[in-house]
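Colleague: Okay, here's what each chain looks like letter by letter:
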Amino acid sequence: MAKIRPVGDRVVVKPLPKEEVTKSGIVIPDTAKEKPQEGTVIAVGSGRLLDNGDRVPIEVREGDHVLFAKYGGTEFKLDNEEYLVLKESDILAVLS
Amino acid sequence: MAKIRPVGDRVVVKPLPKEEVTKSGIVIPDTAKEKPQEGTVIAVGSGRLLDNGDRVPIEVREGDHVLFAKYGGTEFKLDNEEYLVLKESDILAVLS
Amino acid sequence: MAKIRPVGDRVVVKPLPKEEVTKSGIVIPDTAKEKPQEGTVIAVGSGRLLDNGDRVPIEVREGDHVLFAKYGGTEFKLDNEEYLVLKESDILAVLS
Amino acid sequence: MAKIRPVGDRVVVKPLPKEEVTKSGIVIPDTAKEKPQEGTVIAVGSGRLLDNGDRVPIEVREGDHVLFAKYGGTEFKLDNEEYLVLKESDILAVLS
Amino acid sequence: MAKIRPVGDRVVVKPLPKEEVTKSGIVIPDTAKEKPQEGTVIAVGSGRLLDNGDRVPIEVREGDHVLFAKYGGTEFKLDNEEYLVLKESDILAVLS
Amino acid sequence: MAKIRPVGDRVVVKPLPKEEVTKSGIVIPDTAKEKPQEGTVIAVGSGRLLDNGDRVPIEVREGDHVLFAKYGGTEFKLDNEEYLVLKESDILAVLS
Amino acid sequence: MAKIRPVGDRVVVKPLPKEEVTKSGIVIPDTAKEKPQEGTVIAVGSGRLLDNGDRVPIEVREGDHVLFAKYGGTEFKLDNEEYLVLKESDILAVLS
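Chain order of the listed sequences is H, W, B, Y, R, S and F. Letter by letter, the first sequence follows residues 1 to 96 of our numbering. Letter by letter, the second sequence follows residues 101 to 196 of our numbering. Letter by letter, the third sequence follows residues 201 to 296 of our numbering. Letter by letter, the fourth sequence follows residues 301 to 396 of our numbering. Letter by letter, the fifth sequence follows residues 401 to 496 of our numbering. Letter by letter, the sixth sequence follows residues 501 to 596 of our numbering. Letter by letter, the seventh sequence follows residues 601 to 696 of our numbering.
The set of hints was computed from the structure by calculation and includes no laboratory data. Accuracy of the hints is not assured; some may be wrong.
As the list claims (entries may be wrong) - Computed spacing ranges between beta-carbons, pair by pair:
id, chain 1, residue 1, chain 2, residue 2, range
1, Y, 356, B, 255, 18 to 24 Å
2, R, 414, F, 653, 26 to 32 Å
3, Y, 357, W, 189, 37 to 43 Å
Stated by the list, open to error - Taking lysine-lysine pairs in the PhoX-like style, the calculated list, with each CA pair at most 25 Å apart, reads:
id, chain 1, residue 1, chain 2, residue 2
4, S, 503, F, 614
5, R, 477, Y, 370
6, S, 514, F, 670
7, F, 687, F, 603
8, W, 170, H, 14
9, F, 670, R, 414
10, F, 670, R, 403
11, Y, 387, R, 477
12, Y, 303, Y, 387
13, H, 77, W, 187
14, W, 103, H, 14
15, S, 514, H, 70
16, W, 170, H, 3
17, B, 277, W, 177
18, F, 687, S, 577
19, W, 114, B, 270
20, W, 103, H, 3
21, Y, 314, R, 477
22, S, 587, H, 3
23, W, 177, B, 203
24, Y, 303, B, 203
Quick reminder that beta carbons are idealized off the backbone N, C-alpha and C, glycines included.
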C-alpha cells in the first residue's frame, strides 16, 4: 500500500461509516447541528510549529479511535479506501 | 462505559435538561438572546497550548457544575446518553 | 444563595434596571447607538491568561459600580435574580 | 460630580458640539466620509496591557484637546452632561 | 497656526490636489482601482507600539513627499486648510 | 529551461492531470467538497519567517510526490508546461 | 527621473505588458482564476518589522525578474511610465 505522511499539524483518519453504533456505543444524533464523526488515526504529521520554532508533537497516536468535526477535513481515496486529512484542531476527543 | 478523553483545551459536559430549575436555582430566561446552559463536567483535556509550548491546565474540574454558552459545542451520544464537547472558552462560570 | 465563580477573564454583574437615574446621575441617552448599562460587580474570574502563561488579575472588584457595553454579555437568573456574565473587556469604566 | 475611571486602554472625552469652529480653527468637512470629532480628555484608563503583562500608559492626558474617530465610542450622560468612552486607538491627534 | 501632534503610529499629511502632474511627474491613472494620492508629511506620531513595549519611530519625516493609499485616512480642516490623518501603514513610498 | 525560485514559504508544484489513478493508487472522489490534487514538488522557497526572525525550512523537498488543496494556488505556464505556486500550508501530505 | 523609496515591506515593480511570452517562457493562462503577472523589481523597502523590533531585509533585489499576484498592488505613473507598489508577500517567485 502507498505510504502517506501528513505535513505539519495534520492527521490522516480512516472514517467509520456514519451512524454505525460502534462497540464504544457512540451514536451521532441527527439533530446535532454539526455531526461529529468517528474514525481511526492512520498517520500523524510532525506537529504544530510554534512562534519560537519548536514543534509540538500531535496529541493523538496511530491506532487511536477518535471523534472529530467533519467540516474541516479533505477527503481522498488511496487504494480504493476513503481517508480524510484533518487538522489536529479538528479532533475533539479520543475514545477507549 | 466507553472512556472519553477530550483533546487539548476541550471539555466534555453532560448537559442538564434545559430550563429545569436546579437546586442552584438557575433558570435561563427565554428572553436571553443567547441562552446559556447548565451541566456537569465529565472529562477535561490536557489544556491550552501557549505560544511558548507550555500547557495551561483547564480551570474547571471533573464533577464541577458549570454554566456554558451552548453555540460552541458539538453534541454526541455515548451509551445512549447525550454529551457535549466544548472549548474551555465556552464555559462561563462554575456554580456551587 | 448558590455561589457563582466566573471562569478566566469573566465578570458577573447585577445589572441596574435600565434608564434609572442613579445616585451617580448616569442616564443612558436613547440616541446612543449602543446603549451602555450600569450595574454592580458580583464576582470576578481568575483573570486574563497571557501568552507567557501569567494570569493578569481583573481590574474591577466585587462591589464596584460599573458602566458596561451590553451586547457582549450572557443573561441568566439565579434565585430569581437576573445576572449577566461579561468579559472584562466589555466593562468601560468604574463609577464612584 | 460622580467620578469616572475608564478601564484598561479606554479614555473618557467630553465631545465639543459638532462643526463649531474652535479656537484651534478645526472645522470637520461634511464631505469627509468619516467625520472625526473634537473634544477634551476627562479621564484616562490604566493603559494597554501587553502580551508580557506590562501596562503602557495612555499617550494623551486629562485636559488634552483631541481629534478622534467617532464610530468607536460609547455615549452616556453624567449629571446631564454628554460624555464618550473611547478606546485609546480611536484618538487620532492632540491639538494645541 | 494650531499645532497638531498625531497619536501613536499616525501621520498627518497635506494632500496635493488630485491628478496634478507634480514636479516628480507622478500622475495617478484613473484606471487604477485604488487611486493612491500624493502629499507632504506635516507631523508624525510617537511610532508603533510593539508587543514588548518598545516604540518604533515612524519611517517617514516631516516635509517628506509621499505616495499613500487614500482609503485609510480621516479628513479634517485646520485654519481652512485640508489635512488627512493616516496610519503609517497607509504610506506606500517616499518620492524625492 | 528558465529557473524559478519561490519566495518565502512558497512551493512550486507540477500538478498531475486530475483523476489519473497514479501508481500510488490515489483517486480523488468527485464527491469531495474540496478536491485535493496530486503533483510533484519542483522548487521550495527559503521557508516560513517566524516572529523571532528565524526561517523554518520547508517540510517537503524537491521531487516529493504530494497531495495538496487546490484552492490556494496560483497557476502559470513556463516553457508551455503548467505549474502552481502554493503556500507550504496548502500541502496536506507526502505520498511515497 | 524622480527617485522612489518604498516604505517598510513594500516593493516597487515595473510590470511587463500582460501575456507577453517573455524570454523566460512565462505565459499566464487565461483560465487561471487569479492571473499572476511578471515584472522587474525597481526598488525595495527597509523590510518587514518583526514583533521584537528587528527589520527583516526584503528577499528580492532590484533588477530581479519576478512573478507576482496582481490583486494586492497599487498602480501609479512616474514620468509617464506605469509602476506598481506591492507588499513583499504579493511576490510569488523569482525567475532567472
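Colleague: All hints, please: hold or fail.
Modeller: Hints and how they fare:
no.	hint	verdict
1	Y/356 / B/255: 18 to 24 Å	holds (19 Å)
2	R/414 / F/653: 26 to 32 Å	holds (30 Å)
3	Y/357 / W/189: 37 to 43 Å	violated (30 Å)
4	S/503 / F/614	holds (20 Å)
5	R/477 / Y/370	holds (16 Å)
6	S/514 / F/670	holds (22 Å)
7	F/687 / F/603	holds (19 Å)
8	W/170 / H/14	violated (29 Å)
9	F/670 / R/414	violated (29 Å)
10	F/670 / R/403	violated (40 Å)
11	Y/387 / R/477	holds (23 Å)
12	Y/303 / Y/387	holds (19 Å)
13	H/77 / W/187	violated (31 Å)
14	W/103 / H/14	holds (20 Å)
15	S/514 / H/70	violated (29 Å)
16	W/170 / H/3	violated (41 Å)
17	B/277 / W/177	violated (29 Å)
18	F/687 / S/577	holds (23 Å)
19	W/114 / B/270	violated (29 Å)
20	W/103 / H/3	violated (31 Å)
21	Y/314 / R/477	holds (20 Å)
22	S/587 / H/3	holds (23 Å)
23	W/177 / B/203	violated (30 Å)
24	Y/303 / B/203	violated (31 Å)
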